[in-house]
Structures are given as structure tokens and as C-alpha cells.
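Asks: So the chains spell out like this:
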Amino acid sequence: MTLATLLLLAAALIGIGIYGALSQQSFVMLMMGLELILNGVMLAAVAFWAFSGAGAPEGQLLTIIVMAVMAIEMAMGFALVVAVFRGKQADTTESLTGLKH
Amino acid sequence: MESMNHGIGVDIAFLLLATLAVVTAWRVFRTDSMVRASFFLLVSFIAVGVIMILLAAEYLGVAMFFMMAVEMTVMALFMVMFMMNPAGLNPMNMVHQERISIGAGVVSFLVLSAMALLAVFPDRPVSAGLDPVRSLGNEMLGDSMLIFESAGLVLLTTMIGVVVLSSHRGRYGAATEGSLPPGLEPGGDPAGKPEDDEDGGHHHHHH
Chain A
1 MTLATLLLLA AALIGIGIYG ALSQQSFVML MMGLELILNG VMLAAVAFWA
51 FSGAGAPEGQ LLTIIVMAVM AIEMAMGFAL VVAVFRGKQA DTTESLTGLK
101 H
Chain B
1 MESMNHGIGV DIAFLLLATL AVVTAWRVFR TDSMVRASFF LLVSFIAVGV
51 IMILLAAEYL GVAMFFMMAV EMTVMALFMV MFMMNPAGLN PMNMVHQERI
101 SIGAGVVSFL VLSAMALLAV FPDRPVSAGL DPVRSLGNEM LGDSMLIFES
151 AGLVLLTTMI GVVVLSSHRG RYGAATEGSL PPGLEPGGDP AGKPEDDEDG
201 GHHHHHH
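Order-wise, the sequence lines are chains A and B.
Residues 1 to 101 in the numbering used here are what the first sequence lists, from first letter to last.
Residues 1 to 207 in the numbering used here are what the second sequence lists, from first letter to last.
Hint data in this document are derived by calculation from the structure and do not stem from the laboratory.
Since this is a predicted model, take the numbers as computed values, not measurements.
Please note that the accuracy of each hint is not assured.
[What the hints assert, rightly or not] Stretch by stretch, here's where chain B covers chain A in the computed footprint (C-beta under 8 Å, at least three residues): (1) 36 to 43; (2) 62 to 72; (3) 78 to 92.
All C-beta atoms in this analysis are idealised placements derived from N, C-alpha and C, irrespective of residue type, glycine included.
Just need the whole structure built from these sequences, with the hints factored in.
Replies: Given below as C-alpha cells:
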């Protein structure tokens, strides 16, 4: 368990997350991709805190902030899913064409 | 890391957990059931949480368990409520622009791992005498209190916004009562709405 291996794991999680966020049609699956990206970001932050940051408390604080961002993303995402489903009975990104030119 | 001073057991545990995290993360997008997908994501998060505990960030690891357990349960409930095929009874592969997505994922992995392997990061591990939980607590309620409180305030704002977005009706009637999207040209027809009524019948989304 070195900084390099931890960052490699974080990179893998971020890569899978980017694939999911770009490829999924269902809103909730798309949000799962975003969550995976943030998962990798949190792991990288903790890894830097443990190996490069000499245990500076701001490193842990950054992870807490990313967790808050994750909670906000989930809550807003679900609220938007509910609002879109009410208005359009839609649960996939393809059914929303309002901003398409 | 010589000064982190951990045994071979930690390395083996890390290897297993890292494999588990990546495999379950991949399975999220490869399973037929959306409920199962959210539980795969939960397993991936828990593996990362255990790795955080191995890194001596106990508070963050445990917070991760609690937060993700609740979050993924909510997600599974949403799958059952809103999504088609939550139980995976039919094969499912709902993707678009898949080649580009795979390319973007692979490229970002390669770029990030090249940075991880080639960049020279300072080697300053956590000192043995540090109590991570205590130092985090002192930071959150000390020097960084403003940041911590701002996060709380943003969460409160989110709660209010979420209620506004998802409430069925406002105080004076339906939430969308009397609201029309603006026209594409000045004085033109409202964008979106009437078009939707015309071709709603043969459009691919169901009413």
C-alpha cells in the first residue's frame, strides 16, 4: 500500500465513473457514475493526506467537504428525477429534448 | 513507505479491497438489475472506506460506511419506484455513445495513473504520534470552522431546494401553474410545450 498504488486505484474508480456518467441513459445510473468519480476523489485525498501531507488536518477536512458535495449531488439529483418524472413521465436522458437544437 | 511501518497483512488486505472496489464498481454498469447495481456501488464504497481505515483515517472510513449505507438504500428505493426493470428480470443494457464513453474512461484512467506513477510527490507520512480523529475534530471546530459551517448551510439550502423542486403543488396551486417557457423568437410560440402535445402519440416516451 503505497501512494502510487492508492492513486492507481483512485484513477481506476474515476475512470469507471466517467464511463458510467457518460454512457448511462437512466438518470439514476448516471448519478452512480458521478458518485464513483467522487469515491475516487475522496480516496486520493485521503491517500495524499496519509503519505504526502504529514497528517495535516485540512486533508481530512477536504474529504468531509467532498462527502457533503456527494450528499448534495444525490439530494438534488433525486429531486430533479422526481420533478422530471412528474412533468414528462421520463426516466432516461433521451426523453429530454427541450434543450436540443 | 518505510515510515508508515505496516506489515504484509495490510498490503494483502489492501490488494483484496482494491480488487473488490474496482470489480464491484465495474459491475455497477454491467448488471441487469438496477437495485443490484446500487448495492454493488455500496460494496465499492465500503471497500474504499476500509482502505481509509487502513490509512488511519478511522473517522472518515466509518463516516463513509454510515453515509453510503443510507444513501444506497435510498437509491435502491428510487430504483424500485421509478425505474423499469429494477429486479433484473430482463437483460438490460441502456447505454448511449458507448465507444466515446469507454474512450473517455480509459483516457482519464491512463492520464491519472501516469500522473500517479511519474509525478514526484513529497514523502511526508503521518507521524506516529498523531491522533487523526482528534486532529480532525480540532480543525473542524477550530481554524476551519467557517468552512465546516458553510458546508452545513449549503446542506440546509439543498434541503429547501429539494423540497421546492419535488413538491407537487405550491401554496397557490400546481407548481407549474400558468408557467410557459419563453418563445424561441420574440412573440413566438412557447418553446417545447405545444410541440410535445402534437407528437406525443408516436414519440418513444410513453404517457
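Asks: Which hints from the list above does the structure break, by number from lowest to highest?
Replies: Failing hints: none at all.
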